[in-house]
Structures are given as structure tokens and as C-alpha cells.
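Chains as they are written, first to last, in the working numbering: chain A, 5 to 118; chain B, 45 to 155.
None of these hints come from the bench; they were simulated from the model.
Cβ coordinates follow ideal geometry from the N, Cα and C atoms, glycine included.
Each hint should be verified, as a subset may be incorrect.
Stated by the list, open to error - With a Cα cut of at most 27 angstroms, we get these calculated DSS-like pairs of lysine-lysine:
id, chain 1, residue 1, chain 2, residue 2
1, A, Lys110, B, Lys53
2, A, Lys61, A, Lys75
3, A, Lys5, A, Lys117
4, B, Lys53, A, Lys113
5, A, Lys110, A, Lys21
6, A, Lys110, A, Lys5
As the list claims (entries may be wrong) - Okay, the calculated bits of chain B under chain A, using three or more residues with CB under 8 angstroms as the criterion:
id, region
7, 82 to 88
8, 144 to 155
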Amino acid sequence: KNQVEQSPQSLIILEGKNCTLQCNYTVSPFSNLRWYKQDTGRGPVSLTIMTFSENTKSNGRYTATLDADTKQSSLHITASQLSDSASYICVVSAVWGSQGNLIFGKGTKLSVKP
Amino acid sequence: NAGVTQTPKFQVLKTGQSMTLQCAQDMNHEYMSWYRQDPGMGLRLIHYSVGAGITDQGEVPNGYNVSRSTTEDFPLRLLSAAPSQTSVYFCASSRPSGEQYFGPGTRLTVT
């Protein structure tokens, strides 16, 4: 069964600290992996999209890594800010370009405290 | 560009009532989708469309209908609302190989 598991479920860190969120998947065949940020009460916003051949991708202070062999991805946040408080969702696509094959994780809720 | 817009933002329905959630995008995206998000669960796909006149079911389609008569609009209809449909609904659009853009969501309560 195609699944996306994220850990931890929730995380509290102090402002300025780094953190890493994990995503493990069993989706097959694999096409791409996406990370979204969802602020409370708002829709998700795309951070990165990674294909099979990409193992690192950055978007400002956000760096995503992908190991297609072990089917693991991580999202590293550097020098966290209060505005990073949000849920981070990992999504894996089984078929390129198809919206019917996006498998969503349940998200990691990050709280950044001053 | 307004991106993806959804109306209404909030709605309260009584069991058995019907309504339509509106979704529109101005980015000329081919793909549009409807999701529901419930506490403790990931986003679940209700219906999606790969172009005007083409729709397909997602993971949780029961109790919902969609149509896609134009590229811009993708309304979601609740036929006979049930308490189990209390949720936050998100519409999204994208190009076939591009990132998804989500709307701000509609918070629906069915009593």
C-alpha cells in the first residue's frame, strides 16, 4: 500500500535553532516528492519538488534531501524564525503530472518559540 | 493574479441540505483538485480534473459531485450534507508537471 509517514508528529524549537523533519515513503513507482508548508488556517504552499535524480534542493533556509534508494526524505530548516511555525507536509507522487496519485503525509507541526 | 480563490470561507449547513463550494483560478492551469482536511489526517483527494470537461474520482468521492465546464472554475457540490462532511475543503490547481497552488480553504460545519 502506498504510504507516506512523517516524523515527528510535532516539534518545538527555540528561535534561531536548526531542525530536521523526516519523511519515509513506500510509494511505487516513484515520480517526485514535494514538501509543503501550511500555516494555521491557510492552504499549503509548495516549498520544493524533487524528482528521482535530485538528492538535494534548497529554497532559502529550507533544504530538502531525497534518498530514493532508502525511500527517505528530510526537510532541514536553518536558523529558524517565528514565522516558520506551521505544519510541514510531505507528498509523494506515483505518476508524473497526475493529481490522482499524490500521497499526502499527515504532516509535522513545528512550533518556534522566542 | 489572484491565484486560487474559494468561496465561501465559512459555511454552516443542516443535515440534508445541499450547497456548492466555488473554486476559481486565473493561472490557466489544466489540473484542478478538491481535497478535504480533517484533524489528525492528511489531505484526502475528493475529485480532480485534468482539463475542461474531464473529471475523475479521488480517494473519498462519495457524497460529492464536480463538473469542469471551463478551465477557470471547478465547483464542488454537496448533494445532501452529513455531519461526516464537516471538514476544511481545499481547492488546488497546477500544470501537469508543476507545483500545486492551493486556495485559502472553506471551513464547513454540518449540524
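Here is what the structure says about each hint:
1. With a CA separation close to 23 angstroms, the supplied pair A/Lys110 and B/Lys53 stays within the 27 angstroms bound.
2. For the hint pairing A/Lys61 with A/Lys75, the CA-to-CA distance comes to about 16 angstroms; that is within 27 angstroms, so the pair holds.
3. Between A/Lys5 and A/Lys117 the CA atoms are separated by roughly 37 angstroms; this puts the pair beyond 27 angstroms, and the hint is violated.
4. Between B/Lys53 and A/Lys113, the direct Cα distance comes to roughly 23 angstroms. Compliance with the 27 angstroms bound is thereby established for this hinted pair.
5. Between A/Lys110 and A/Lys21 the CA atoms are separated by roughly 24 angstroms; this keeps the pair inside 27 angstroms, and the hint holds.
6. With a C-alpha separation of about 16 angstroms, the suggested pairing of A/Lys110 with A/Lys5 holds against the 27 angstroms cut-off.
7. Under a criterion of three residues with beta carbons nearer than 8 angstroms to beta carbons of chain A, the stated coverage of the region 82 to 88 of chain B is upheld, 5 such residues being counted.
8. Counting residues of the region 144 to 155 of chain B whose CB falls under 8 angstroms from any CB of chain A gives 6; the rule of at least 3 is met.
In terms of the numbered hints stated before, the structure departs from hint 3 and from no other.
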